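Chemist: Listed below are the residues making up each chain.
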Amino acid sequence: MCTTCGCNEAPPPHSHDHEPSRARQQVHDATRTVSVGQDLLAVNDAHAARNRHELAHAGILALNLMSGPGAGKTTLLEQTIRLLDGRVAVAVIEGDQQTSRDAERIRATGVPAIQINTGTGCHLDAHGVGRAIEELAPPPLSLLFIENVGNLVCPAAFDLGETRKVVILSITEGEDKPLKYPHMFAAAHLLLIAKMDLLPHVGFDVDQCIAYAKRVNPALEVRCVSAHSGEGMDAWLAWIERHQARCREEARSVGHTHHHDGVFRGANVNRE
Amino acid sequence: MHELSLAQSMLAIVEQSAQDGGFRKVAAIRLEIGRLSCVMPEALRFCFESVTRGSLAEGARLEIIEIAGEGCCPRCGATLPLDELYGICPDCGVPLEVTAGTEMRLKELEVA
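Residue numbers (our numbering), protein chains in the order written: chain C, 117 to 388; chain D, 10 to 121.
Derived from the structure by calculation, the hints contain no laboratory data. Check the hints yourself; a few may be wrong.
[Claimed, not checked] Residues of chain D clear of chain C, computed beta-carbon distances all greater than 12 Å: (1) Ser18; (2) Gly31; (3) Glu51; (4) Gly63; (5) Ser64; (6) Cys85; (7) Gly86; (8) Ala87; (9) Leu89; (10) Pro90; (11) Pro99; (12) Asp100; (13) Ala109; (14) Glu112.
[Claimed, not checked] In silico EDC-like pairs for lysine to aspartate or glutamate, Cα to Cα no more than 16 Å straight-line: (15) C:Lys330 x D:Glu106; (16) C:Lys330 x D:Glu119; (17) C:Lys330 x C:Asp292; (18) D:Lys34 x D:Glu67; (19) D:Lys34 x D:Glu119; (20) C:Lys296 x D:Asp92; (21) C:Lys296 x D:Glu93; (22) D:Lys116 x C:Asp155; (23) C:Lys281 x C:Glu337; (24) D:Lys116 x D:Glu24; (25) D:Lys34 x D:Glu117; (26) D:Lys34 x D:Glu24; (27) D:Lys116 x D:Glu72; (28) D:Lys34 x D:Glu106; (29) C:Lys330 x C:Glu291.
[To be verified] Label-pair ranges, simulated between beta-carbon atoms: (30) D:Glu93 x C:Ala351: 27 to 35 Å; (31) C:Gly153 x D:Ala121: 19 to 27 Å; (32) C:Gly346 x D:Glu75: 45 to 53 Å; (33) D:Ser64 x C:Gln213: 22 to 30 Å; (34) D:Ile74 x C:Ala146: 19 to 27 Å; (35) C:Asp292 x D:Arg84: 21 to 29 Å; (36) C:Arg217 x D:Ile74: 26 to 34 Å; (37) C:Ala165 x D:Glu93: 26 to 34 Å; (38) C:Ala146 x D:Glu75: 26 to 34 Å; (39) C:Ala162 x D:Arg84: 31 to 39 Å; (40) D:Pro83 x C:Gly371: 31 to 39 Å.
Since the structure is predicted, the reported quantities are computational estimates derived from the model, not experimental observations. From the three backbone atoms N, C-alpha and C, an ideal C-beta is built for every residue, glycine too.
Just chain C, same shape as in the assembly (with noise of 0.2 Å):
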């Protein structure tokens, strides 16, 4: 680009002393090139910012649940809160191409549940979570599950303003997963590798999959589960206490939490 006018054209033929030929200026009139340089996710980002730093002031610990389809999140989300047993309050975001089957299973375990079903959209993005969050009201301290829409591609790249991703490949998927979609493993901060209660019945090399996980991501934190038998499932649950207890001294260290009754609410946050 040209340094003194800001055109677009190769210095050398290009005189400047600013009495172009009559061509030259026509090209001059009919375009200039404005320079941008923003991310294509920058909006998407600027909510996901948003998110994050109410969640933060309220010591909110929110949990981005991602998977492929039926690697059996939602069960596991069941079971999860049942084991909890109402030691900490939790709500859920659903996210689903379409029905509320899902959040329905969710406020069965007796806990509030919103469903954004994302119609043809593949992921969930950080403006719709704000509007959810916004609408559940969850109260400081609490845990906040959202899981995503199934799909193990494109809900890596889209930031919802969660604390900690979570991804949870099955046992029946296949070991070399994080290798095929190395964007979701590279995002996670946890991978839970679930259903092992059927290790007996499927050929499935667990060691295999966490070193390939961690040839993608060597930060990846991993627990092996089963909602079913109950497997690991006390060492998900201390990292998710863990995980709180962080959550919560950092909202105290700001000191924040004890002016809100319900994160969002009141809080003015235009998010149009």
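Dock chain D against the given chain C, drawing on the hints supplied.
Modeler: Chain D in isolation, oriented as in the chain C frame:
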């Protein structure tokens, strides 16, 4: 098809730029898309056409500058080309840190 969301997001950025920069027609949009990003350029082009119909960017040229993947070894500092989102340093055997190739950026616009 997250390319649809990306195309909508791109149009929102273009519309905001038009408001800020006082232009009413976009002739070309230049994107930088990394080869390791989760974007398929062809899918993005397809979504772009349908999303921009009736907007100030209708008929605009979509120019995609592809950026090659690159990783850096955290131990020896070697820089290596990457075709996937992960790689191992051949000398140290440790995972590479991705340093380029995940970009999804709207670089500039040609406007009238």
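Chemist: Compare the distance between the alpha carbons of D:Lys34 and D:Glu24 with 16 Å, and conclude whether the hinted pair is satisfied.
Modeler: Holds. D:Lys34 to D:Glu24 sits at ~10 Å (cutoff 16 Å).
Chemist: Sort out whether C:Asp155 lies within 16 Å of D:Lys116, counting only the CA atoms.
Modeler: Holds, at about 9 Å.
Chemist: Are all C-beta atoms of chain C more than 12 Å from that of D:Gly31?
Modeler: Nearest chain C Cβ is 10 Å from D:Gly31, so the label is violated.
Chemist: Please verify that the nearest CB of chain C lies beyond 12 Å from D:Leu89's CB.
Modeler: holds (15 Å)
Chemist: Does D:Lys34 pair with D:Glu117 here, judged by a C-alpha cut-off of 16 Å?
Modeler: Answer holds: D:Lys34 to D:Glu117 is near 14 Å, not above 16 Å.
Chemist: Look at the Cβ atoms of C:Gly153 and D:Ala121 and judge whether their distance stays inside 19 to 27 Å.
Modeler: Because 20 Å falls inside the window, the suggested range holds.
Chemist: Tell me if the straight-line CA distance from C:Lys296 to D:Asp92 falls inside 16 Å.
Modeler: It holds: about 13 Å lies between the C-alpha atoms, which stays within 16 Å.
Chemist: Indicate whether the distance between the beta carbons of D:Ile74 and C:Ala146 respects the range 19 to 27 Å.
Modeler: Given about 22 Å between the Cβ atoms, the range holds.
Chemist: Quick check: does the Cβ-Cβ distance between D:Glu93 and C:Ala351 fall within 27 to 35 Å?
Modeler: With Cβ atoms ~30 Å apart, the hint holds.
Chemist: Are the Cα atoms of C:Lys281 and C:Glu337 separated by 16 Å or less?
Modeler: holds (11 Å)
Chemist: Given a hinted range of 45 to 53 Å, is it respected by the beta-carbon distance of C:Gly346 and D:Glu75?
Modeler: holds (49 Å)
Chemist: Between C:Asp292 and D:Arg84, does the beta-carbon spacing fit 21 to 29 Å?
Modeler: holds (27 Å)
Violated hints for the displayed structure, listed by number in ascending order: 1, 2, 14, 16, 28, 36.
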